[in-house]
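Participant: Following the hints, complete the assembly by docking chains B and C onto the known chain A.
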Amino acid sequence: MSDIEIRDVSLVYDTPSGPVKAIDNATIRIAASEFLCIVGPSGCGKSTLLNLVAGFLSPTSGEIKIGSSPLSGHGMDRGVVFQDFAQLFPWRTALGNVAFGLEMKGLSKERREEIALSHLALVKLGEFAHSYPHHLSGGMQQRVAIARALAYNPSVLLMDEPFAALDALTRDAMQRLLADVWRATRKTVVYVTHNVAEAVYLADRVVVMTPHPGRVKIELPITLPRPRDPLSVEFLQCQKDLLRHLGSEMDASDAPKICDDGATQR
Amino acid sequence: MKAQVPVAQHESRLRVIARNALPFVVVAAAWEALAYAGVFPARLFPPVETVAAALVRLTVAGILPHHALDTVLRLSGGFILAAIAGVAVGIAMGRWRLAEDVFLPLVSIGAPIPGLAYAPLFLLWFGLGNLSAVLLVGFVSAFPIIFNTWTGVKAVKEVWVRSAQAMGADNRRLFRHIILPGALPYILTGLRLGLAQAWRILVGVEMLAAVPWGLGWLIFGSREFLNTDVMLAGIIVIAIIGLALEKLVFQRIEDFTIVRWGMMK
Amino acid sequence: MTASPERWRMVRRTVVTLLAAAALYEAAARSGIFPAVLVPTLPKVARTLVNLVQDGTMLWHVSYTLARVMCGFALAIVVGLPLGILMGRIRALENFVMPLASALMPIPSLAWVPVFILWFGLGDIVTALIVFYAAMFPMLLNAWTGVRAVNPIWLRAAGAMGAGEGALFRKVIIPGTLPFIITGLRQAFQRSWIAVIGAEMLAASDWGLGWVIFDAKEFLNADVMMASLIVIGGIGYAFERLVFGSLERITVLRWGMVQAAKS
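Residue numbers (this note's numbering), protein chains in the order written: chain A, 1 to 266; chain B, 1 to 265; chain C, 1 to 263.
Extracted from the complex, chain A is given alone in its bound form (with noise of 0.2 Å):
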């Protein structure tokens, strides 16, 4: 698995109404089978800087290394899982999505079969390997997105926002899911969200960011022990803090600081 390196990186728009910079000397390192989350509220970058990193953008100024290798525009070192459900391909079955990166890498008929339903079980899909996309649910065609994204190897996978437009339920169901499939194949994992909670639940450690322009403003280790109940005290205490950060009403400056030891401030 590889690790991350973002190195002052910064994005300069050009607008009608002159030069917008979305992003502002960003640092980030992340080490080999990570779980990174990025948090922040609309226009904080957050997005941009994971198509930076997939390489759909490109940095105005600094650089991104992927386990040492400088990125140039986009590869099969990467996955990618956007939000949006209609990123599967609607002419092809489950079993034909996730194969494609097989197919572009050249496996045969077989194996590139063999591996994509075995990718599919593993988000516990097995029997909607011939289902076309359009008769699968939302959290299903996620959880396809997920496997595809996985089945041809990739050390890094970069998820935005991917169950932000499922209900509540589901998506809890799937965060535990993404869980345990990160657990099983150790991908280094950057993750956008919005979500405070899904956050605390999922990664080893927060970079919040703030917009206008998008910085780096902190990154908050969560030392929580796996796996995380969203209803213990220490896991709300941890999203109180988080909440800080990001700036809302809530203080929690009574309370032991359980997220806050390793705290870097930017």
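A couple of the hints might just be wrong.
To be verified - Not the full set, but computed from the structure, chain C residues with beta-carbon under 8 Å of chain B:
(1) Leu-18
(2) Leu-19
(3) Pro-35
(4) Pro-108
(5) Pro-114
(6) Gly-166
(7) Leu-168
(8) Val-172
(9) Ile-194
(10) Ser-205
(11) Ile-213
(12) Phe-214
(13) Ala-222
(14) Leu-229
Stated by the list, open to error - As a list, the in silico DMTMM-like pairs of lysine to aspartate or glutamate whose alpha-carbon atoms are at most 20 Å apart:
(15) B:Lys-157 - A:Asp-172
(16) B:Lys-157 - A:Asp-160
(17) C:Lys-44 - C:Glu-218
(18) B:Lys-154 - B:Glu-100
(19) A:Lys-240 - A:Asp-229
(20) A:Lys-105 - B:Asp-170
(21) A:Lys-217 - A:Asp-229
(22) C:Lys-44 - C:Glu-26
(23) A:Lys-21 - A:Asp-8
(24) A:Lys-21 - A:Asp-3
(25) B:Lys-157 - A:Asp-84
(26) B:Lys-154 - C:Glu-6
(27) C:Lys-44 - C:Asp-215
(28) A:Lys-124 - A:Asp-172
(29) A:Lys-109 - A:Asp-84
Worth flagging that the hints you see were computed from the coordinates, not collected in a lab.
This one's a predicted model, so the numbers in the text were calculated from it and none came from an experiment.
No residue lacks a Cβ here, since even glycine has one placed at the ideal position from N, Cα and C.
Facilitator: Coordinates of chains B and C only, in the frame set by chain A:
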């Protein structure tokens, strides 16, 4: 296009058929009444049975099938030309800026001009007969095909393109695996519109181009001898062919592709 | 709203392409490969066009054609629009009209020309009727689809807020149907325009853009044909941009509402 009946899943087939047949029965009855009322000369307003007789007579004699076949052949020839050229140009336009720059102005200007307006010009250049008819049909029906294909290629969802790129698809494979299937709903719409155009134009062209055999010519020619019954028989055949095109050809293709994939617009 | 540089680019490339196409044509015309009568040079076409406009004949032709289009189109609206709306509201009516419409639709309007000529003789009536036939179906179907597309939730909400039948119709159904009605008008007009040219070629005894093109064939006047094509194109374009373009823009309430397919 039948009316939707959401409630009556269990409505018996017999009832459905009866319900759909009723309007025709009523209209036919009204027609009969008018025909026999003597308001119009019998020659010009033949009763239903006379039309039916003409239909049977001409079919049995092989005349009607001959006309119908020629018409369908012309239609197919023209449409296939239009489909091949149209999809190719549309894809080129969607893929390469230069092609778009060259073709879009031409297509935008040519499209609003009614197809038949070109007919006399084509007749002048290519003479009367089959060549003109096929070329004209092809020319006119190409426009909606080009336009819709172009739109479809450009409308392929960004998220599909990005997902495929992330999974290692280069430009060529992106085109084959993502752009083409992604644009299919639009391409099919374009083909459908193109066929409808072709059909509408063809009947008129046959009347103008004095082709030896063809439903349009049959109807037009019958005018001279006041053979209204033959005309109406011809029109009925035209309706049947038009309906068959819609239901048998396009419905099938759509069901097999975009309906199956849940991509209906 | 397109940004300025993009519009400029569009205008520039249109002009360049047209100039290039014109140059190619001119070269072909002057090359002597084709008879001058069949492939007239552009200046000749231009001169013919100017002459026809100056001596007023073009104006007569345009007026006749437009008059026929308007008659048929208006009739189609008067019949098709209310019928379509009623079909959407009254099940029994829909059950009656739909099979008939489905059977008639695949018949091209021009197929009826010979029958109509026998019944009504050559002339304006036939042309206008053919236009009516062609324009009816898009109008009817779009109105019907539009009425059915009115979201039942809106009706329920309005009903809950005390709207009676009349108010519901005026304030929810009509505005809700409007995008479809506009699409219907646009499609109906396009069909009318196409139908009138064909009908004039076959059934008009004098005057009309379709008639003049067809007549020109007898005398091998390709220049007259092309001049008329230019006029037809110009009028069609003007209608599309001025009338329907602004209609669409004015009813900005189309935004966020169901987009009927463009034809």
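Participant: Tell me, in ascending order, the numbers of any earlier hints that this structure violates.
Facilitator: Violated hints (numbers, rising): 2, 3, 6, 7, 8, 10, 15, 21, 24, 29; every other hint is consistent with the structure.
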